[in-house]
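Q: For this one, chain A is given, so just place chain B on it according to the hints.
2 protein chains.
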Amino acid sequence: MSIDYKKELETAAKSMILVHEPDILIKIIARTIMQKAKVSHAGILLHEKDRDTYILTVSRGPLGLKIPKGFARMDADNPLIRFFRERKDKQIFGDGAIISEKAKRILRRRLPPALKKLLKGTLYQMEIFAAEVAIASYFRNDLLGILLLGRKTKGKKFSQDEIDFFVALASDVAMAIRNARLFKDLQLELEKEHRLFLNTTIALAAAIDAKDHYTHGHTARVTSLSLEIARTLSRKNNKKLNEKFLEYLHISSLLHDIGKIGIPEVILNKEGPLSPEERNKMEGHPALGANILKSIPELGEAILGVKYHHERYDGSGYPQGLKKDQIPLIASIISVADTFDAMTTDRPYRRALNKDGAIEEIKRSGGKQFDPKVVSALVKLYREGKI
Amino acid sequence: MSIDYKKELETAAKSMILVHEPDILIKIIARTIMQKAKVSHAGILLHEKDRDTYILTVSRGPLGLKIPKGFARMDADNPLIRFFRERKDKQIFGDGAIISEKAKRILRRRLPPALKKLLKGTLYQMEIFAAEVAIASYFRNDLLGILLLGRKTKGKKFSQDEIDFFVALASDVAMAIRNARLFKDLQLELEKEHRLFLNTTIALAAAIDAKDHYTHGHTARVTSLSLEIARTLSRKNNKKLNEKFLEYLHISSLLHDIGKIGIPEVILNKEGPLSPEERNKMEGHPALGANILKSIPELGEAILGVKYHHERYDGSGYPQGLKKDQIPLIASIISVADTFDAMTTDRPYRRALNKDGAIEEIKRSGGKQFDPKVVSALVKLYREGKI
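Those sequence lines, one after another, are chains A and B. Going by numbering that gives the first Met the number 0, the residue at position 147 of the first sequence is 146; the numbering climbs one at a time, nothing skipped. Going by numbering that gives the first Met the number 0, the residue at position 386 of the second sequence is 385; the numbering climbs one at a time, nothing skipped.
Isolated chain A, as found in the complex (with noise of 0.2 Å):
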């Protein structure tokens, strides 16, 4: 065989499967097209489903096409798509492609006038695109995109060899298009259903916040103290602070208090200092915020942030009175974070500290009822100006 750059150019499509930006993907196709065989140009047009319309995707090549990307537009009435929509490729060239000197000359000849007047409209549009040779790429019968090739550069006319295996080419990479596409499509699901998903937690903390009237905000402030807080221990020491944990911080941070959903409002709105039995239940939120969501498998350590950020690493915390390092890390960034909050806003019982002074206070607590490690990364939030 005597196509030099087809093997190059069949190991590039494989390789194309596993290129899931179809933006990249049709970049990478074009340049590749364009370098390994050898035309001036290359373009492709690419089928837009909502619109049942064939755009101009990418244009390649120092010469350029003569119309710029993202302007052309060919709806399916147009005499090039038709043409392979119809298939007519197959009555004249052979499956799969049109060669514009090749349609030249055929239309010298005898045709039914229609299919002569399809073919006309059809060269009509390679003409505006410069193309010498139009290449479909079906998928079963859908037409997905047309590749579109410039002369070759050293002045050669395309062998029919070369044109057989461009139809080839045009099939694997329609294929790898549309897994790139249906990647895609997935990938923007999933971001849409995390978005959903954090979204409405947030909104439904910041509902259960408002029952409280002296925590406005106070959820929001400590979610994103606490993610701050373990950044600063991930760049410290970067055991176990993975992504992961971060996003289960993320959730549980968010969802810290909303066991007191379940605390009446006297209670939580209460101006003098609680009852035994009124502080009683209000200690009751972790324990019962938790039992909210153990139900939920895919929360993971998140509940376990729930549930003890309330301990205290001397062990004299609740509701389990946990100590040290039975006391999940996810916990204790809650703990400094929820406190460090609560120092620096007003409540009943207090005005609020200002920062400084909160910060001394939870470092004189480091290792009674903080975790020193935690403290000292919030030191250095501080130090640097971060909170």
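Please keep in mind that the hints were generated in silico from the structure rather than gathered at the bench. For clarity, every value in this text was computed on a predicted model and none was experimentally measured. Note that the Cβ used here is the ideal one computed from N, Cα and C, for glycine as well. Please note that a few of the clues may not be correct.
What the hints assert, rightly or not - Taking lysine to aspartate or glutamate and the EDC-like style, the derived pairs with C-alpha atoms no more than 20 Å apart in a straight line are:
no., chain 1, residue 1, chain 2, residue 2
1, A, Lys-6, B, Asp-160
2, B, Lys-6, A, Asp-163
3, A, Lys-183, B, Glu-188
4, A, Lys-243, B, Glu-192
5, A, Lys-243, B, Asp-49
6, B, Lys-210, A, Glu-277
7, A, Lys-183, B, Glu-20
8, B, Lys-191, A, Glu-246
9, B, Lys-13, A, Glu-7
10, B, Lys-191, A, Glu-242
11, A, Lys-191, B, Glu-300
12, A, Lys-183, B, Glu-190
13, A, Lys-191, B, Glu-242
14, A, Lys-6, B, Glu-161
15, B, Lys-280, A, Glu-264
16, A, Lys-5, B, Glu-9
17, B, Lys-293, A, Glu-192
18, B, Lys-5, A, Asp-171
19, B, Lys-183, A, Glu-297
20, B, Lys-13, A, Glu-9
21, B, Lys-243, A, Glu-188
22, B, Lys-183, A, Glu-192
23, B, Lys-13, A, Asp-94
24, B, Lys-280, A, Asp-211
25, A, Lys-5, B, Asp-171
26, A, Lys-210, B, Asp-211
27, B, Lys-48, B, Asp-184
28, B, Lys-87, B, Glu-131
29, B, Lys-5, A, Asp-163
30, B, Lys-5, A, Glu-9
31, B, Lys-13, A, Asp-163
32, A, Lys-293, B, Glu-192
33, A, Lys-191, B, Glu-192
34, A, Lys-210, B, Glu-282
35, B, Lys-6, A, Asp-160
36, A, Lys-191, B, Glu-188
37, A, Lys-280, B, Asp-211
What the hints assert, rightly or not - Covered stretches of chain B (chain A as the covering partner; in silico rule of three or more C-beta atoms under 8 Å from a C-beta of chain A):
no., segment
38, 169-177
39, 184-196
40, 200-210
A: Relative to chain A, chain B alone:
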């Protein structure tokens, strides 16, 4: 070229790219190879990343392999695996293949002792699987899997041409399998994210339900009844009620009373009749709910169900007094389901009706309080014994 099945197999390998279910893909591959290449049997060992082990995933053919599928597992120190991973195939057989007959001949020759031992071990492994040929699937430098082929059915030997072709095919297959696995992983992640969203919403809605002493389980019942009504409407008139609508309805009915989070508990749980001012607050819950959710574009139509589930067909509802077709279908459905559930459970001000009585009352209110087509779907469900 003498291999008549080549083109068929190549085409099959290409279309594999769009099979995104790894298990199905692997079965198709094994069956296709067995049939087209006419070998007695074929098996595929696939890499399992977590445990760095290779498992006999599929085994096809009338003869079958000597070891049942799923039982065979080869760790990284297995001679066959080591042979390919250390790329001894390149050294002895040419890229990516081991041919048992050739291996036996080579063993009689002088070889470095370590290599001789490894090759012997490799051959023994192939005998266990009754494999004449082993073909490696690499992706970049990772050994993704091994294709094992039995004897050719017509007693012929494998030609070098055939081996070369199988090696090329194996790399296509590796790519297709990898693509399918990436796809599958993404799909599983999407499902997980969707469950996370639904379950968290369900848990929070139930917690809010629990605040209103009289509505235990209300949200869950309204949700399932709304979906039943929608499916019944779909059967009668499939306009508009697609999967997307059902999903929005699911979310919307879960969240329909979310605004109650902003209603004081003393009003929610009051035993006697509400004062005009209290009633006013209570009737603010649909608008409040919509307000909580308004910043979440992904909720789409679901917000309309929250906002308008207390509108009435004759325009006498709240918050906006919408009439007839002005009321979104999603809200009309929740309205009927909500009322039916309220009627059939005890409330502070009255005992529950039985289902019969509730259906009669709702029928009487069709065209006044309720959209008649939704009422008739409810009645249909009741007659069919589904509620």
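Q: All hints are to be evaluated individually against the structure, with a verdict given for each.
A: Hint by hint, here is what the structure shows:
1. Distance check on the hinted pair: Lys-6(A) and Asp-160(B) sit about 17 Å apart at the alpha-carbon level, within 20 Å; holds.
2. At most 20 Å may separate the alpha-carbon atoms for a hinted pair to count; Lys-6(B) and Asp-163(A) meet this at roughly 14 Å.
3. Under the criterion of a C-alpha separation no larger than 20 Å, the hint pairing Lys-183(A) with Glu-188(B) is consistent with the structure, at around 14 Å.
4. For a cut-off of 20 Å, the pair hint linking Lys-243(A) to Glu-192(B) stands: about 13 Å separates their Cα positions.
5. For the hint linking Lys-243(A) to Asp-49(B), the alpha-carbon distance of about 17 Å falls within 20 Å, and the restraint holds.
6. Proximity of Lys-210(B) to Glu-277(A) is assessed by CA-CA distance (about 17 Å); at most 20 Å being required, the pair is judged to hold.
7. With a C-alpha separation of about 17 Å, the suggested pair Lys-183(A) and Glu-20(B) falls inside the 20 Å cut-off, and the hint holds.
8. Taken as a hint, the Lys-191(B) and Glu-246(A) pair is honoured in the structure, with Cα atoms around 14 Å apart against an allowance of 20 Å.
9. For the given pair, Lys-13(B) sits about 17 Å from Glu-7(A) by alpha-carbon distance, which is consistent with the 20 Å threshold.
10. For the proposed pair Lys-191(B) and Glu-242(A), the alpha carbon gap of about 17 Å is at most 20 Å, so the pair holds.
11. The straight-line distance between the Cα atoms of Lys-191(A) and Glu-300(B) is roughly 15 Å, inside the 20 Å bound, and the hint therefore holds.
12. Of the pairs offered as hints, the one joining Lys-183(A) and Glu-190(B) holds, with about 16 Å between alpha carbons and a cut-off of 20 Å not exceeded.
13. Between Lys-191(A) and Glu-242(B), the direct Cα distance comes to roughly 17 Å. Compliance with the 20 Å bound is thereby established for this hinted pair.
14. This hinted pair checks out: Lys-6(A) and Glu-161(B) have alpha carbons roughly 18 Å apart, not beyond 20 Å.
15. About 16 Å separates the Cα atoms of Lys-280(B) and Glu-264(A), which keeps this hinted pair within 20 Å; it holds.
16. For the hint linking Lys-5(A) to Glu-9(B), the alpha-carbon distance of about 16 Å falls within 20 Å, and the restraint holds.
17. Simply put, Lys-293(B) and Glu-192(A) have alpha-carbon atoms about 17 Å apart, close enough for the 20 Å limit, and the pair holds.
18. For the suggested pair Lys-5(B) and Asp-171(A), the alpha carbons sit about 17 Å apart, so the restraint of at most 20 Å is met.
19. Restraint check for Lys-183(B) and Glu-297(A): the C-alpha separation of about 18 Å stays at or below 20 Å, so the hint holds.
20. Restraint check for Lys-13(B) and Glu-9(A): the C-alpha separation of about 12 Å stays at or below 20 Å, so the hint holds.
21. In summary, the hint linking Lys-243(B) to Glu-188(A) is supported, as the alpha carbons are separated by about 13 Å, within the 20 Å threshold.
22. For the hint pairing Lys-183(B) with Glu-192(A), the CA-to-CA distance comes to about 17 Å; that is within 20 Å, so the pair holds.
23. For the proposed pair Lys-13(B) and Asp-94(A), the alpha carbon gap of about 18 Å is at most 20 Å, so the pair holds.
24. For the hint linking Lys-280(B) to Asp-211(A), the alpha-carbon distance of about 18 Å falls within 20 Å, and the restraint holds.
25. Among the hinted pairs, Lys-5(A) with Asp-171(B) is consistent with the structure: their alpha-carbon atoms are about 17 Å apart, no more than 20 Å.
26. At most 20 Å may separate the alpha-carbon atoms for a hinted pair to count; Lys-210(A) and Asp-211(B) meet this at roughly 15 Å.
27. Between Lys-48(B) and Asp-184(B) the alpha-carbon distance is near 13 Å, which keeps this suggested pair within the 20 Å criterion.
28. Between Lys-87(B) and Glu-131(B) the CA atoms are separated by roughly 17 Å; this keeps the pair inside 20 Å, and the hint holds.
29. About 17 Å separates the Cα atoms of Lys-5(B) and Asp-163(A), which keeps this hinted pair within 20 Å; it holds.
30. Annotation: proposed proximity of Lys-5(B) to Glu-9(A) holds, straight-line Cα distance about 16 Å (limit 20 Å).
31. For the suggested pair Lys-13(B) and Asp-163(A), the alpha carbons sit about 17 Å apart, so the restraint of at most 20 Å is met.
32. Pair hint Lys-293(A) plus Glu-192(B) holds up; C-alpha atoms about 17 Å apart against a cutoff of 20 Å.
33. As the CA atoms of Lys-191(A) and Glu-192(B) are separated by approximately 10 Å, the hinted pair is consistent with the 20 Å bound.
34. Restraint check: the Cα-Cα separation between Lys-210(A) and Glu-282(B) comes to about 18 Å, which is no more than 20 Å; the hinted pair holds.
35. About 16 Å separates the Cα atoms of Lys-6(B) and Asp-160(A), which keeps this hinted pair within 20 Å; it holds.
36. Only pairs whose Cα atoms come within 20 Å are accepted, and Lys-191(A) paired with Glu-188(B) is accepted, the gap being roughly 12 Å.
37. Restraint check for Lys-280(A) and Asp-211(B): the C-alpha separation of about 18 Å stays at or below 20 Å, so the hint holds.
38. With 5 residues having a beta carbon nearer than 8 Å to a beta carbon of chain A, the segment 169-177 of chain B meets the requirement of three or more and the stated coverage holds.
39. Look at the segment 184-196 of chain B against chain A: 10 of its residues bring a Cβ nearer than 8 Å to a Cβ of that chain, three or more, so the hint holds.
40. Check on the segment 200-210 of chain B: 8 of its residues sit with their Cβ under 8 Å from a Cβ of chain A, so the three-residue criterion for coverage holds.
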